[in-house]
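A.B. asks: Here is what each chain is made of, one letter per residue.
2 protein chains.
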Amino acid sequence: MKHFFSIILVFALSALHAQSVKSPSNALEVTFKLVNNGQPSYSVNYKGKPVILQSSLGIKLKDKPALDSNFEIISTKADTFNESWKPVLGEKANIVNNYNELTVSLKQKETNVKMNIIFKVYNEGVAFRYDFPKQTELNYFIISDEVSQFNLTEDYKTFWIPGDFDSNEYVYNETKLSEIDNTKLNLNNGIGVKSIPGKYVVQSPLMMKSAAGIYINIFEAAVVNYPVMHLNVDGTKFKLTSQLVPNAIGDKAYLQTPCVSPWRTIMISNDARDIVGSQLILNLNEPCKLDDVSYIKPMKYVGIWWEMHVGKSTWDYAGSQNASNFAEKPVASGKHGATTENTKRYIDFAAKNGFDGVLVEGWNVGWEDWNGNWKEEVFDFTTPYPDFDLAAVTAYAKEKNIKMIMHHETSGSVANYERHLDRAFDLMKKYDYPAVKSGYVGKIIPRGEFHDGQTMVNHFNFVVRRAADYKIMVNSHESSRLTGYSRTYPNYIAAEAARGNEFNAWSTGNPPNHETILPFTRLLGGPMDYTPGIFEIKMSYYDKNKTEQVHTTLTKQLALYVTMYSPLQMAADLPENYEKRMDAFQFIKDVALDWDDTKILEAEPGDYLTIVRKAKGKESWFLGAITDENARKSEIKLDFLTKGQKYKAIIYEDAKDADWKNNPMAYKIRTVEVTSNSKINLVLAPGGGTAISFEPIK
Amino acid sequence: MKHFFSIILVFALSALHAQSVKSPSNALEVTFKLVNNGQPSYSVNYKGKPVILQSSLGIKLKDKPALDSNFEIISTKADTFNESWKPVLGEKANIVNNYNELTVSLKQKETNVKMNIIFKVYNEGVAFRYDFPKQTELNYFIISDEVSQFNLTEDYKTFWIPGDFDSNEYVYNETKLSEIDNTKLNLNNGIGVKSIPGKYVVQSPLMMKSAAGIYINIFEAAVVNYPVMHLNVDGTKFKLTSQLVPNAIGDKAYLQTPCVSPWRTIMISNDARDIVGSQLILNLNEPCKLDDVSYIKPMKYVGIWWEMHVGKSTWDYAGSQNASNFAEKPVASGKHGATTENTKRYIDFAAKNGFDGVLVEGWNVGWEDWNGNWKEEVFDFTTPYPDFDLAAVTAYAKEKNIKMIMHHETSGSVANYERHLDRAFDLMKKYDYPAVKSGYVGKIIPRGEFHDGQTMVNHFNFVVRRAADYKIMVNSHESSRLTGYSRTYPNYIAAEAARGNEFNAWSTGNPPNHETILPFTRLLGGPMDYTPGIFEIKMSYYDKNKTEQVHTTLTKQLALYVTMYSPLQMAADLPENYEKRMDAFQFIKDVALDWDDTKILEAEPGDYLTIVRKAKGKESWFLGAITDENARKSEIKLDFLTKGQKYKAIIYEDAKDADWKNNPMAYKIRTVEVTSNSKINLVLAPGGGTAISFEPIK
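Sequences listed follow chains A and B, in order.
Residues in the first sequence are numbered from 1 upward in steps of one, following this note's numbering.
Residues in the second sequence are numbered from 1 upward in steps of one, following this note's numbering.
Take the hints with a grain of salt, since some may be wrong.
Note that identical chains are pooled: a pair holds if it fits in a single copy or bridges any two copies.
[Claimed, not checked] Within a straight-line C-alpha distance of at most 25 Å, the following computed PhoX-like cross-link-like pairs (lysine-lysine) qualify:
1) 62 - 194
2) 237 - 679
3) 329 - 134
4) 471 - 430
5) 661 - 237
6) 430 - 403
Hints were generated in silico from the structure; no laboratory data involved.
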């Protein structure tokens, strides 16, 4: 289904001062205007009321006149676009891409440089980008700053994390816009490398809510060959301005015409479900560029990973704290997790429970002093520790029909990783690993670069493209956050790029509202490998002196498999912990990873979220409901189920006295028969959740 | 032959103020002393007279106390070393490595950091380095500065090029030390990227001569995992201080103990021949680390290269000035040099004249806008232009017993090159290319890095090691200059890394004295691919309006094959230019590339140089004699020839009226029979040279 409708408007230049375009629903309206001395600006109304006041647009160039004023409009063009497309893996089998478009073609007086600003207006939001056509007046150029403004009308409630060029692994703060202040944060939060550029800089996606109940989300899509955009907040005027992440020498982006900036997106709705359920970011990316997607498959996996986080075993083999001396007769510390034997145990567990894969971290030489030293040659990505037998592991996994997931920790030494990438992928193909989890803990090498700069954005995207050459899927951790590139390269199956479950094992952790915010922020850009499924909630289980814990109940961990979309899902806890609670584990075994349909039933950022999804190509549905630190009850209508069909609903819910803090592992499971006319009462404990599977009764 | 003799001296600490060590000949003496507040210092005497006055030593660290004072001597150790070793390819079959060594072990008060300073004293020079042993007090560290001083005694005549972090392709200036001033240079010299850090900074090797005729050369050896050292000149006090090349954020070197600095070398002699003939730099490098050196062979080659420099053809195919659009139906400009047909012509010429190889530049897509744009993804090193058929060329070369030399121009985009390196080398192996010429024209990417920084030093060395994995020889152009790494990795067969012959084609060129200085500077570190052999000296031959020319006579071009040592030698001119003068070309056909022995007969930097070499495993000798802009006569005794053996000497010399400027191509060739008792009169024109081959008469 593709419908295209164009009008090209060319007026007398003097008449062209304001141009408007509305969403297909007519609720949103964007107006473009040249103001003052030919300065581009825009504003946005929602249902007739201003939401974004007149905000300036522009780009500053290094060693060239700024592209922020002195423009005249050459022409404007209006388009309507309505299609649907099928993601390789996704929340829906068909994604509707329906918007009205306005292209404003500008020319700068004196320089004659041409620049277009393109607006796309969807029902749930507005997007715009800068477009630099091929021209003799502008070929190679360096962006020194982007000055895209977002002038808000009031002091919104805001869910924010500090601007940080190197990390997005923060808990969310919930304050007024005017109260944003990075100097007031407790930064003893388990994050190793922080580069916070200023007091009032925050990251996008930035989720906000007005007093009148208007939800706004500012983000970006299709960050390709461009740095990440953070937002500089003027809390007195409620004005946000783009702040691009610099490179080692302070430049922002090196470009050559023809080229485009990423899309700057403003989602706006009076219903939070429109935002959390939006496919806007994916829609704004280029369609799939891979010819062969046959190897891109969802994966449910276990792995040698959480046992290191809880201190049961270690990534490193020798504990010598000097990997460069590793060749000098290392002595095993006895605590190494990634042994052939231990791997076989995980493979056995995965095979027995119908899983797809097993991840092994710490399999390769280099972990002795991998972290915190800004060391360049850390890993070679091809040399296993003496107690990890690649061939034996592969043979055993094959016998059990399990796929192995490779692990490439780079320590942030990207120069080193790129030098070894072909060899690393060659090894993966030799041993039949279909997917890699990459890691970027540490300060970046090339030194002076940041995780969120153009260099690193290009690196993350490059790894995905090169992996595609080998038909390998990528799951990047500590990368810059996704902005929909997985539409274009669907082998980019997941990323971390936010504060994951692991922080609960050894830091202040993630507060109970954390997972109610992530779907409004990080997940808008693509799947997150959050690694849910922790059943032993309290770390005192491993060590009496530990006070750390996961800040949810056990059934909330189950619900996360539905609320945190990812086609790659880990059952992160230890096999022995699941074996004690196989009744609850059944939900993790059953839950699908790829979907025909998704419906957001209830949503309020920072408070609660209830989602149901229909398994791809099946009649099964799965529901996940989560709440923050407050208990919650609600009644859910099951009208999403197929009419006339009976279903067996297995309900995994918090026990009556459950509580994330004092009694997190108390759950009950009940089975009921339901139809589309049924209702179910959800009863969530503080920090709790409910997970339900609906299987059709034949 | 290996002789080892050690004395370990441990005195009461208070008594340990000065320690001395002499050269095996006793002519040189180095004295180490702690002065002032425990500051390390050294001085050097030559034949009893001070040459280096008390000069301080030290290293400054980032975020740690400087290692430049507050030291005490823990112990000292004296050694004597005398061995000889056989280079894979070289100027001599056996290289003698004979020196006395003094190791001073220091400990810093308060920090307890241990640092050793090691001196090696050879007959022709002194070397010292900093040695950082493994210790808990110092593990990872960042060098922010090195403060090695060289306090000279007087205002030496100095052959210098300006300090430049990005280029060493300068002509030499010949002034007093006190007259050094980079602001007075004419920088309209054809060098594309210049990064001159200050008014009084010069590059090493720095060649000097005192009024009394003492020659001094300051340089460095074994620059591995460390930036290049330039020299900051205090012209009033005749004091030089090390200036390390920074990285993008101003740091100099990232190190981990145990580690060492490069050797800082001071060659000293009253005979210039001792310096130009020294193997000191090679001796200070690690022995060969390659197991298999069977593929490392000398190569005499022609190539599609000079024809682009003279404007006859182009590197690029389409001339579109936008390689990123190359895929959009490029139209051949008709001037592309690297066609299959043209390559076959060069292969024919090479085969007919007994050459080993053919280089082809411009064979691969990317040249349309390769230069000057700081563009990251320029070349992929694997995609040929439509008119260059890799398979056909390889087949043809194989049939003619010619080896192809690959070309990898990086445009300075090293990040991009490293990403493609395995693929590029795979392609070379597939098509049986045994050697690669790499190029680094342009500003470096990672952006902010310099050609001479630690990052790039590591890159150049890395490429050589990775090439060794594929049994490939490397010839790097626009790299940092060699400091003897070819001893350790003899597949590093040559480098440019100085102002080569190419500048004569399109710039102010290289003055007639240029080639009399290079052997005292650049060539001390290893072979240079100078690309001599230009027979059509004046560029007006190609275009009447051109005034550029090579600043030598034709026979001086022949002599360069002997005076400019390299096991990789190009006959750089066009086949058709050689075909017009096959009598002179005979010398290029005959001259050897690898040697049993080398004798420096006459040498004066900036004035003249006469060298004879004996071909490896043969009785043939070859002589090269060159002069600067002044005509020169000298009588050469042939006592180097084997006694009792008769030789046919073919003498290629300037014609009577030859002159580099007005009559550069006038030569004559005469043949005489000689023995070791004979003498030959050399008569060199202004800017001229003589080349002689000595073949034993059977």
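A.B. asks: Hints first: check each against the structure and report whether it holds.
C.D. replies: Evaluation of the provided hints:
{"no.": "1", "hint": "62 - 194", "verdict": "between (27 Å within a copy, 19 Å between copies)"}
{"no.": "2", "hint": "237 - 679", "verdict": "neither (46 Å within a copy, 93 Å between copies)"}
{"no.": "3", "hint": "329 - 134", "verdict": "between (59 Å within a copy, 17 Å between copies)"}
{"no.": "4", "hint": "471 - 430", "verdict": "both (13 Å within a copy, 23 Å between copies)"}
{"no.": "5", "hint": "661 - 237", "verdict": "neither (40 Å within a copy, 74 Å between copies)"}
{"no.": "6", "hint": "430 - 403", "verdict": "within (13 Å within a copy, 32 Å between copies)"}
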